[in-house]
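*Asks:* Here is what each chain is made of, one letter per residue.
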Amino acid sequence: MSLALKALKKSPWVFHVNTGACNNCDIEILDCLTPRFDVERFGVLLVGSIRHADVLLISGPVTQNILPRLKRLYEAAPRPIKVVAFGACGCRCGIFRDGYNVVGPIDKYIPVDAYIPGCPPKPETIISGIVKVLNQL
Amino acid sequence: MQAVLYFVKYLVFPGFLFSAVVGLLTTWVDRKVSARVQLRVGPPWYQPFADTFKLLGKEVVVPAGARHTGFLLMPVIGLAAATLASTILWLVNLRPESSFVGDTIVVLYVMTIPAIALIFGGSASGNPLGALGSAREMKLLFAYELPLVIAVLTTIVKVGSFSFEKILMYQEYNGVMLGSVSGVLAFIVLIFCAQAKLGFLPFDIAEAETEIAGGTHIEYSGAPLALVRLNTAIMYLVLPLFIITLFWGGVNFIGWRILTSVLKYVAIVVIMVLIKNTNPRVRIDQAVRFFWGPMFALSAIAMILAIVGY
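Just so you know, the protein sequences line up as chains G and W, in that order.
If you count the first sequence from 1, position 54 lands on 34 in this note's numbering, and the numbers rise without skipping.
If you count the second sequence from 1, position 199 lands on 228 in this note's numbering, and the numbers rise without skipping.
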């Protein structure tokens, strides 16, 4: 395994984007950074710009308005980038599947590497999902 | 032969390699202390090194609207300037006879270059938020340079010389600058200026991750981002060292003084981390008012006291 790849496993930086979720998943993501779970122990940081990211964490069904922006975000990310679909909505549109402005789950438009189900997922589930993504590398 | 020696000094021992390793370890101390303040565990000691190697291995994206040369060159220039400041400071501390006339002025000027490089890099990125970050960094630079220079002049007036060697010798025979009233006042001013120079809370206005998504750093990815972060890490080493040299008798690796040197350094770093962790971000106008108001007054009082002889 190369040095850069080994280092990538030790410091995955996460960029989080909400594509129309109800905000419950976003609160649960912040839980992971609090003293009880503290994912910074494993080098995980939440970054503000997509150019710094290694993992693209997407919560929510994709709405019509956000779709072109989601595609641009995926193209703007520096490779290698891992995409994680987050929550019941991210995986299969959840309760919003019949919405008039919902155009489908994330994996219809960009390749997804891991799914973290739950409404919202527990912090333990999130950490387990991140570990699975890193083991794919 | 002399030239080769200078290159080794600049690139390996007190220069780039040494400064980068110690600077990255300092950023680990920063993150660990921040985590402990928030009752978290914090990252392991190798975390900054893992971050750097990871960024070096990632793809470099240059945005379509960016000026390629300026965008990619500026992190290198900033890093070179930070390394130069670090080299000069370590050399005068370890072997005071390598000091030259006016080296305080040189270090003062060289320490400004990383900030200017960041301003150019941000505005070359072609991103509106990057340009906003650059504008804020420029205003902040104008704000903190005034009290910073007056605080440094306090020591120079007291010693009556522009060279680090004389400053260190004066403190060796007459006691450290922190023992005098003017020294304490100027020290307080310098700590706040260092906070602004490093872009730490409460003065991280130019980066502001939650507000303008990284500001001047926003479009950097991969290796250039690693250089920008290394730049910050080395400045994190340079500024406490500069303050210690001017006010606290310098650092030394001989005998038991190695222990006190490390303690002084860690003490200043921890003070800065605590300020960072207990303050919210201020607006740019508040920052300018803070530096041109109370900080300027404090440094002016320190200057007058130094001239009178306290």
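Just so you know, the hints here were simulated from the structure itself, not pulled from any lab data.
A couple of the hints might just be wrong.
Which residues of chain W face chain G? A partial, calculated answer using Cβ under 8 Å [unchecked claim]: (1) Pro72; (2) Trp74; (3) Leu85.
Where chain G lies over chain W, by a calculated footprint (3+ residues, C-beta under 8 Å) [said to hold, decoys possible]: (4) 45 to 53; (5) 86 to 100; (6) 185 to 198; (7) 285 to 296; (8) 314 to 321.
Some chain W residues well away from chain G (every beta-carbon gap over 12 Å; in silico) [claimed, not checked]: (9) Phe36; (10) Pro73; (11) Glu201; (12) Ile217; (13) Phe282.
In this text, a Cβ means the ideal position worked out from N, Cα and C, and glycines have one as well.
*Asks:* A separate judgement is required for each hint: does it hold in the structure or not?
*Replies:* Evaluation of the provided hints:
1. Pro72: holds, 5 Å
2. Trp74: violated, 12 Å
3. Leu85: holds, 7 Å
4. 45 to 53: violated (count 0)
5. 86 to 100: n = 5 at 8 Å, threshold three: holds.
6. 185 to 198: violated (count 0)
7. 285 to 296: violated (count 0)
8. 314 to 321: Coverage by chain G is violated here, the residue count being 0 at a Cβ distance below 8 Å.
9. Phe36: Fine: 26 Å to the nearest Cβ keeps phenylalanine 36 of chain W off the interface.
10. Pro73: Incorrect as stated: the minimum Cβ-Cβ distance to chain G is 8 Å, not above 12 Å.
11. Glu201: Label holds. Min Cβ-Cβ 42 Å, cutoff 12 Å.
12. Ile217: Label holds. Min Cβ-Cβ 31 Å, cutoff 12 Å.
13. Phe282: Its Cβ never comes within 12 Å of chain G, the nearest being 31 Å, so this holds.
When the structure is compared with the earlier hints, violations turn up for hints 2, 4, 6, 7, 8 and 10 and for no others.
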